[in-house]
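Those sequence lines, one after another, are chains D and W. Just so we're aligned: the first sequence equals residues 1 to 384 in our numbering. Just so we're aligned: the second sequence equals residues 1 to 75 in our numbering.
I should point out that these hints are in silico values taken from the structure, not numbers from a laboratory. Careful, some of the hints might be misleading.
[Claimed, not checked] Quick look at which bits of chain W chain D covers, simulated, 3 or more residues with Cβ under 8 Å:
id : segment
1  : 7 to 15
2  : 18 to 27
3  : 33 to 39
4  : 61 to 68
Note that CB positions come from ideal geometry on N, CA and C, so glycine has one too.
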Amino acid sequence: MIYFDNSATSFPKPPCVAEAMAKFMNEIGANPGRSGHRLAIESGRIVYSAREAVAELFRMADPMRIVFTSNVTEALNLALNGLLKAGDHVITSSMEHNSMMRPLRCLEQKGIELTVVPCSQQGTLDPGEIESAIRSNTVMIALNHASNVVGTILPIEKIGQIARKHDLLLLVDAAQTAGVLSIDMEKDGIDLLGFTGHKSLYGPMGTGGLLIGERVDLEKFEPIKCGGTGSRSEQEQQPEFLPDKFESGTPNALGLAGLNASVHWILERGVDQIRSHEIQLTQRLLDGLNSISGVSIYGVQHAEQQIATISFNIRDKSPSEIGLRLDEEFGILCRVGLHCSPASHKTIGTFPAGTVRFGLGFFNTADEVDFAIAAIRKLIKEVR
Amino acid sequence: MNESKYAVILVYSTSHVMRIERMLIQQNIECKLIPVPRQLSSDCGLCLRFLLADKEKVVKCLNNVQIEIQGIFEI
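From just these sequences and the hints, can you work out the full model?
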């Protein structure tokens with residue numbers, strides 16, 4: 001079996017992830033931050049350790065400015081719903097996942113103005129077009145870091161400079177890039193960064209978070225859920241300090257035990273080493289698919305300018321048929337269709353049928369890539 | 001004879017007390033997370049105990065971070 005669906009969820013995980021989670025369930029189990037006994041302390045330490053590890057990964061000086069959420073969707077919803085008010089103008093791109101696009105479209109119904117800046121058919125974005133879209137009431141630029149459909153990396157650092165120049169907030173959806181591309185909140189000019197634990201951070205599902213930069217006005221940032229925090233229990237009002245303001249209810253400490261292990265695993269290896277392996281695999285796959293006539297590949301088709309996510313189609317065959325046959329006849333698991341991103345597929349010209357997507361990860365090998373290329377070659381021969 | 005040997009830092013949140021603990025350890029200041037003593041009160045149930053003799057160093061450390069504390073109490 002070959003797992004090429006890492007863009008949806010990475011698999012397998014480093015063994016330390018399941019080990020840390022089993023240890024938590026079997027030996028710790030207590031509620032972090034709700035009591036003072038030794039198991040509560042141990043549980044609290046694990047959650048705190050995860051916070052520090054994430055802060056180190058994204059070079060965030062203050063770990064208290066990391067709010068854990070259940071995934072990147074919740075993180076983006078928090079940033080968008082918590083900060084935007086009717087009359088505000090937001091700029092986004094035509095390559096967004098629905099985790100960004102749907103909350104924005106929902107807010108549009110409530111009086112927020114939205115500009116969707118078109119990307120090229122390869123998924124690239126001209127920062128100049130972002131700057132041209134700025135209006136007097138623009139407050140935020142909200143973008144993905146890399147496309148979940150074609151892998152194209154957006155020029156976040158340049159857009160960060162534009163955001164600073166015009167005093168706008170930059171919200172980045174790092175669902176596909178956290179752990180595989182180097183991200184520096186300060187250097188890249190990012191004010192809000194949403195991440196998920198279960199993709200390229202190699203952690204469990206149900207973990208994610210929002211990093212809140214120093215330029216974000218906390219007084220104007222409303223929580224989207226309120227409740228028990230284990231702090232200021234004498235008050236019936238939500239505490240104002242971070243991270244408690246945005247972290248109500250018992251956290252997913254089990255998941256965070258796994259995320260703590262996986263982020264430390266990444267920090268030990270280094271993002272660059274992971275990236276370098278993925279670049280090699282990506283280029284190998286691109287070269288192999290390019291050598292087969294009848295295969296159309298989408299995106300920039302350059303391993304250095306994209307992440308290890310490759311979308312393609314085979315002449316005269318539907319993506320769903322290819323997906324099914326890759327699974328049943330070759331044991332290759334991938335994702336076909338629209339990948340929760342109709343905007344991206346409209347941009348690259350593959351709406352509504354979609355594409356076949358191979359999402360490679362750190363645990364894939366060159367042999368697996370070669371096997372997949374040979375499988376596609378066999379499927380193509382049949383078409384002729 | 002009744003002189004306290006220890007003091008505790010009370011904060012509002014477990015995340016905060018964990019952050020302070022990490023900082024003190026980095027500065028080689030001996031400390032321990034303990035349940036909040038009965039005569040004091042704190043929500044998160046946890047506070048950080050340190051040697052009273054280190055108070056000056058601890059205060060200096062706390063001034064370096066933006067964490068609101070409930071106070072430092074001798075126990």
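Here is what the structure says about each hint:
1. 7 to 15: holds (count 4)
2. 18 to 27: Coverage by chain D holds for the segment 18 to 27 of chain W (3 residues, Cβ < 8 Å).
3. 33 to 39: holds (count 4)
4. 61 to 68: holds (count 4)
No hint from the list above goes unmet by this structure.
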